[in-house]
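Input sequences plus hints: build the corresponding full structure.
Chains A and B supply the protein sequences, listed in that same order. Quick note on numbering: the first sequence equals residues 21 to 615 in the working numbering. Quick note on numbering: the second sequence equals residues 80 to 314 in the working numbering.
Bear in mind the hints are in silico, worked out from the structure with no lab data behind them. Incorrect hints may have been included.
[To be verified] Within a straight-line C-alpha distance of at most 30 Å, the following computed DSSO-like cross-link-like pairs (lysine-lysine) qualify:
#  : chain 1 : residue 1 : chain 2 : residue 2
1  : B       : LYS108    : B       : LYS266
2  : B       : LYS108    : B       : LYS284
3  : B       : LYS284    : A       : LYS574
4  : B       : LYS194    : B       : LYS266
5  : B       : LYS114    : B       : LYS194
6  : A       : LYS470    : A       : LYS543
7  : B       : LYS284    : A       : LYS59
8  : B       : LYS194    : B       : LYS284
9  : A       : LYS59     : A       : LYS470
10 : B       : LYS114    : B       : LYS284
11 : B       : LYS266    : B       : LYS284
12 : B       : LYS114    : A       : LYS59
13 : A       : LYS546    : A       : LYS592
14 : B       : LYS186    : B       : LYS266
15 : A       : LYS574    : B       : LYS114
16 : A       : LYS59     : A       : LYS592
17 : B       : LYS108    : A       : LYS574
18 : A       : LYS59     : B       : LYS108
[To be verified] Pairwise CB distance ranges (calculated):
#  : chain 1 : residue 1 : chain 2 : residue 2 : range
19 : A       : LEU157    : B       : TYR262    : 27 to 35 Å
20 : B       : LEU133    : A       : PRO166    : 32 to 40 Å
21 : B       : ARG265    : A       : VAL353    : 53 to 61 Å
[Said to hold, decoys possible] Incomplete in silico selection of chain A near chain B, CB under 8 Å:
#  : residue
22 : LEU157
23 : VAL215
24 : MET226
25 : MET258
26 : GLU284
Even for Gly, the Cβ is constructed at its ideal location relative to N, Cα and C.
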Amino acid sequence: MAELGHDATSYAPPREQPEMELPHSHSFWTTYVFSQDAKTIAIQYSVTAISVGLLALLLSILIRLQLGFPNTFSLIDPSTYLQYVTMHGMIMVVYLLTALFLGGFGNYFIPLMIGARDMAFPWLNMLSFWFYFVSVLILVASFFVPGGPTGAGWTLYPPQLISEGTPGIHGGVILMMVSLGVFIAGFTMGGLNYVVTILQYRTRGMTLMRMPLTIWGIFMATLLALLAFPALLVAALMVLLDHLAGTSFFMPAMFSMGEQLPHEGGSPLLFQHLFWFFGHPEVYIVALPAFGVVSDILATHARRNIFGYRMMVWALIAIGGLSFVVWAHHMYVSGMNPYFGFLFATTTLIIAVPTAIKVYNWVLTLWHGNIRLEIPMLFAIGFIFTFINGGMTGLFLGNVTVDVPLADTYFVVGHFHMVMALAPVMTIFAAIYHWYPKITGRMLHEGMGKIHFWVTFIGAYAIFLPMHYLGLAGVPRRYYAYGESSPFIGESVVTLNAFITVAAVLVAAAQLMFIYNLIRSRKHGKEAGPNPWNANTLEWQTEHTPPTHGNFGKELPVVYRWPYDYGVPGAKYDFIPQNVPPEEVEMIDEGVRRT
Amino acid sequence: MAESASPGTPPPGFTGIVSDWSSDQTTFKGAGWGKPMMWLFILSDIFIFGMFLLGYMAARMSTTDPWPDASAVFALNMFGMQIPLLLIAIMTFILISSSGTMALAVKYGYERNRKVCGRLILATAALGAVFVGMQAFEWSILIADGVRPWANPWGAAQFGATFFLITGFHGTHVTIGVIALLYMYRKVMRGDLDDGRPGAVTGRKGRWEMVEILGLYWHFVDLVWVFIFAFFYLW
Ligand code: HEM
Ligand SMILES: [Cu+2]
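Okay, structure coming up:
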């Protein structure tokens, strides 16, 4: 019995919670616009996030055209270059990845995967989306105010952020800060829901240690976000006051444009501490859900249980905890006390341990698996590649002595794109190909999917691998142009920059094809059926595809096992869904039942 | 495999915690969703105030100008004497008392004593409003003395900046609490919590637990005040 139905219970535990109070919608407006159904909210979140993400993609292409062919295209000038870099970074990290993973995937999957009808407080959940939506509008509005958006980099360091000479110091900075504030308020409303729903609304038999790793990842990431965003909120408020009310939280006494500024005695380092106390956990806010999603997709498409489930959960928790004590590894060259560098390098290297455990477990899950190279699987394997790659260069940058010469070069740009841009984006693609059939009832086109994967994967390497070389060659980041080749910026740098740009344009084109695929398959895709991948988790066992309001039928499902019973020896089928009781598992030898 | 123990008889101590967290369905047995959500919000809000106070300490330590002397700045001129911290002592006393009335309101709420509970909620709101009023009074004294967010007559400019920012942020919390209390007063008196009448905004059915949840918020806001008091007035 041991391996059959991991942790199976032979009886269904009694029901403890009362039925949820579900708000029913009666009109077009409450069904599609101000919907309180988590699934609709999820789709609203996702569509908004992907749209603003495409804007960020477009900005990156404009940046790249400038860098690759500085004399051919004169689309942007030095100020707009900086503004586009800033907006590209900020949109990608906060408004695309955070919103999509937590607001999009969190809303769709939490209730379905834990067997709940909806979020704990659907009204607040709806409000969360509308706050997010408004924050996006405010952010985009900054392109249209005089002076344009801020150009201080997504790290927004003062004093530069609000000093004369930086683009966008008039309207742009203010809109950026207000938008972040609204985003954080909206996120908090959603985040409270995600955590409380997971803790209080699991179905019968669904213990925490039987939750799919996707849910574990989203759960930990939401906790991190609830504790990390406060630092950003506080920093944003103080910056606004420095800018508008003439306070000096972050502004030291300065001379600018030949005159003494009215500020005195503030600490720019304080901002960096606040920012990175948010900023480093933010990396994990987008990474932990990706870890979870990838674990589930690997197990499903390799027809094998995830290796070391418990280890995976504890690693997520350990990473989440440690991520709050590593922030100053972004500040080795900031002028803080050098002894801090030693402390934070140590914690940074410690966090590599649980991370490495996860990577080993993914690889071991594939070992001897019955791997099916379907599109979600391709992207999930792509994730493993880019994540290992970025993790390795992270070890370089985590060490003070190595980081000092590499800080603010393209090596850093290569590193963080590998680990926090590509890896989560690969996961998002994997997830969309994996769950699109559930959300729409149809499969995405396979041929286009294959092209999309290979162009994106190889193209991404073509973009970001050479950046490491550029960094080692000493090319600084956030530069508009590097001038003619010189002893410092060699000929190879110019050639490589052109090459990277060509690759970036190709990758961007592949994303447009993906969008086309999303829209086309909605109507013309192959019918998917309820469970096209033969997966075990509860969302594939719903009565209807796509699931209707309330998710499950009259009765909520009862869970008897963990979600990874793939390829169980002796069982007739290579998967046993979570809601199949032990006595109903069909064995190879008909009639013989092991209980 | 830990089974969900039948509700009502949790095992004691550490074993109880372990069995709650390893059970199915609910982690916090019998707590519903509202209370855990408020606790989590409070945790997040603690981080906001924590960041504010850490920022204040950092600003105070990194500025080069001397920090104004709290007992002189916050003294009240009465009967021809400077009495240090008088106003603030009264304010603190009022806010702490409001925690007392709130706790009683929760007790009477659970006893389904609509009238007493409602009056206590109203008293809490009144004490909170008095607190905010006195804070406005204190701000006006300081402003009259020449304290501005960007400067003050006695030393480091960060004094005014952090003071107005942090007490203002806390005062906003109290104000929101007062509004919520008044709204709750109306709900209690109208009997919404007895009949489970849906709320006007969220559409959620009224439950007596709501009083306790609001109480959690109120006690938290009081507790934060104790820290602000210690850091600004006693340091
Ligand atoms: C095709 C995809 C992408 C391309 C070609 C691209 C390219 C670039 C380039 C050229 C820069 C500016 C480097 C500099 O001048 O310093 C940059 C910055 C940045 N990118 Fe991307 N990027 C892509 C996707 C992403 C994604 C998905 C993320 C999400 C995490 C991301 C996050 C950032 C951040 C945080 C910065 C730093 C902005 C700053 O310096 O303030 N990028 N990217
Ligand atoms: Cu970091």
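So, going through the hints one by one against the coordinates:
1. About 27 Å separates the Cα atoms of B/LYS108 and B/LYS266, which keeps this hinted pair within 30 Å; it holds.
2. Distance restraint check for B/LYS108 and B/LYS284: the Cα-Cα separation of roughly 21 Å lies within the 30 Å cut-off, and the hinted pair is therefore satisfied.
3. Distance restraint check for B/LYS284 and A/LYS574: the Cα-Cα separation of roughly 22 Å lies within the 30 Å cut-off, and the hinted pair is therefore satisfied.
4. Note on B/LYS194 and B/LYS266: the hinted pairing holds, with a Cα-Cα distance of about 11 Å set against a maximum of 30 Å.
5. Of the supplied pair hints, the one linking B/LYS114 and B/LYS194 holds, its CA atoms being roughly 24 Å apart against a limit of 30 Å.
6. Note on A/LYS470 and A/LYS543: the hinted pairing holds, with a Cα-Cα distance of about 20 Å set against a maximum of 30 Å.
7. With a CA separation close to 23 Å, the supplied pair B/LYS284 and A/LYS59 stays within the 30 Å bound.
8. At roughly 20 Å between alpha-carbon atoms, B/LYS194 and B/LYS284 fall within 30 Å of each other, so this suggested pair holds.
9. Under the criterion of a C-alpha separation no larger than 30 Å, the hint pairing A/LYS59 with A/LYS470 is consistent with the structure, at around 28 Å.
10. The straight-line distance between the Cα atoms of B/LYS114 and B/LYS284 is roughly 15 Å, inside the 30 Å bound, and the hint therefore holds.
11. Restraint check for B/LYS266 and B/LYS284: the C-alpha separation of about 11 Å stays at or below 30 Å, so the hint holds.
12. Among the hinted pairs, B/LYS114 with A/LYS59 is consistent with the structure: their alpha-carbon atoms are about 25 Å apart, no more than 30 Å.
13. Between the alpha carbons of A/LYS546 and A/LYS592 the distance comes to roughly 27 Å, so the proposed pair stays at or under 30 Å and holds.
14. Taking the CA atoms of B/LYS186 and B/LYS266, the gap is near 17 Å; set against the 30 Å cutoff, the hint holds.
15. Proximity of A/LYS574 to B/LYS114 is assessed by CA-CA distance (about 27 Å); at most 30 Å being required, the pair is judged to hold.
16. Using a Cα cut-off of 30 Å, the hinted pair A/LYS59 and A/LYS592 is violated, with the two alpha carbons roughly 34 Å apart.
17. About 24 Å separates the Cα atoms of B/LYS108 and A/LYS574, which keeps this hinted pair within 30 Å; it holds.
18. A hinted pair counts as satisfied when its Cα atoms are at most 30 Å apart, and A/LYS59 with B/LYS108 qualifies at roughly 27 Å.
19. In this structure the supplied range 27 to 35 Å holds for A/LEU157 paired with B/TYR262, their Cβ-Cβ distance being about 29 Å.
20. For B/LEU133 and A/PRO166, the hinted distance range of 32 to 40 Å is satisfied, since their beta carbons lie about 36 Å from each other.
21. About 57 Å separates the C-beta atoms of B/ARG265 and A/VAL353, a value consistent with the hinted range of 53 to 61 Å.
22. For A/LEU157, the suggested interface contact is broken, since its CB lies about 23 Å from the closest CB of chain B, more than 8 Å.
23. Proximity of A/VAL215 to chain B holds as hinted, the smallest CB-CB distance being about 6 Å (cut-off 8 Å).
24. With its C-beta approaching chain B no nearer than about 5 Å, A/MET226 sits inside the 8 Å limit, and its interface hint holds.
25. The interface hint given for A/MET258 is met, as the beta carbon of that residue sits about 7 Å from the closest beta carbon of chain B, less than 8 Å.
26. For A/GLU284, the shortest C-beta to C-beta distance to chain B is roughly 6 Å, which falls under 8 Å, so the interface hint holds.
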